[in-house]
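J.: So the sequence shown is numbered by numbering that gives the first Met the number 0: it starts at 0 and just counts up by one.
Simulated from the structure, these hints should not be mistaken for laboratory data.
Worth double-checking, as some hints may not be accurate.
[Said to hold, decoys possible] No more than 20 angstroms apart at the CA atoms, straight line, and that leaves these computed lysine to any residue pairs for SDA-like:
1) Lys49 - Asp61
2) Lys84 - Val68
3) Lys29 - Thr134
4) Lys49 - Trp23
5) Lys29 - Arg101
6) Lys29 - Ser99
7) Lys29 - Ala48
8) Lys84 - Thr35
9) Lys29 - Asn103
10) Lys29 - Thr82
11) Lys84 - Ala13
12) Lys84 - Ser99
13) Lys49 - Val39
14) Lys84 - Gly130
15) Lys84 - Val39
16) Lys84 - Gly34
17) Lys29 - Ile47
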Amino acid sequence: MTRKRFDDLGCSVACALNEVGDWWSLLVIKQAMLGTRRFVDFQHGLGIAKNILCDRLARLVDNGVLARVNAGEHGTRYEYRLTDKGRDLFTVVVALRQWSERWNGNRDDMQLVDRVTGASIAPVVVRNAEGETLTVRDVSFVGKDGQPLERAG
Numbered sequence: 000m001t002r003k004r005f006d007d008l009g010c011s012v013a014c015a016l017n018e019v020g021d022w023w024s025l026l027v028i029k030q031a032m033l034g035t036r037r038f039v040d041f042q043h044g045l046g047i048a049k050n051i052l053c054d055r056l057a058r059l060v061d062n063g064v065l066a067r068v069n070a071g072e073h074g075t076r077y078e079y080r081l082t083d084k085g086r087d088l089f090t091v092v093v094a095l096r097q098w099s100e101r102w103n104g105n106r107d108d109m110q111l112v113d114r115v116t117g118a119s120i121a122p123v124v125v126r127n128a129e130g131e132t133l134t135v136r137d138v139s140f141v142g143k144d145g146q147p148l149e150r151a152g
């Protein structure tokens, strides 16, 4: 049996995947970050089937990642806008993009630059409270009880 939801895993990553884990959802979110608002523009920009786009937009709205807003033009037309929860995925989208560029050599015509300076953005990193960069080898995984969790390698 294939798992479709991760509610019972007791894992923060699994909970996030419940809301935004499939690849179409993340691409819809990225497209919204680029300023796409209307259904037809999402469909055109992504080349996604209408039924899949309807499902992903509905799920993202239900999960509070996007808000469906009446645009009030020519009858009832809706736009989809990122919520604060959706905008908080910016770091995730940038990290996935940078990871892909590093390990897959995937580059597209888009660059991410600081709006004020025009400079390229720095790689996304995890830092400790003092601002020092950390890797997976520099952290300990502990349970709520403070006990170390098992870790491979």
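J.: Does the alpha-carbon distance linking Lys49 and Trp23 stay inside the 20 angstroms limit?
T.: 12 angstroms, holds
J.: Are the Cα atoms of Lys29 and Thr134 separated by 20 angstroms or less?
T.: Roughly 26 angstroms separates the two Cα atoms, so the pair is violated.
J.: Could you grab the alpha-carbon distance between Lys29 and Thr82 and see if it respects the 20 angstroms cut-off?
T.: 13 angstroms, holds
J.: Mind checking the alpha carbons of Lys84 and Gly130 for me, to see if they're no more than 20 angstroms apart?
T.: 25 angstroms, violated
J.: With the threshold set at 20 angstroms, check whether the alpha-carbon distance from Lys84 to Gly34 stays at or below it.
T.: 16 angstroms, holds
J.: Holds or violated: Lys29 and Asn103, Cα atoms, limit 20 angstroms.
T.: 19 angstroms, holds
J.: Measure nothing beyond the straight line between the CA atoms of Lys29 and Ala48; if it is 20 angstroms or shorter, mark the hint as holding.
T.: 17 angstroms, holds
J.: With the threshold set at 20 angstroms, check whether the alpha-carbon distance from Lys29 to Ile47 stays at or below it.
T.: Roughly 14 angstroms between the alpha carbons, so the hint for Lys29 and Ile47 holds.
J.: Quick one, are Lys49 and Val39 close enough, alpha carbons at most 20 angstroms?
T.: 9 angstroms, holds
J.: When you check the alpha-carbon spacing of Lys84 and Ser99, does it fall within 20 angstroms?
T.: 24 angstroms, violated
J.: Against the 20 angstroms threshold, does the CA-CA distance of Lys29 and Ser99 hold or violate the hint?
T.: 15 angstroms, holds
J.: Within 20 angstroms, alpha carbon to alpha carbon, are Lys84 and Ala13?
T.: 17 angstroms, holds
Of the numbered hints stated above, those contradicted by the structure are hints 3, 12, 14 and 15, listed in ascending order.
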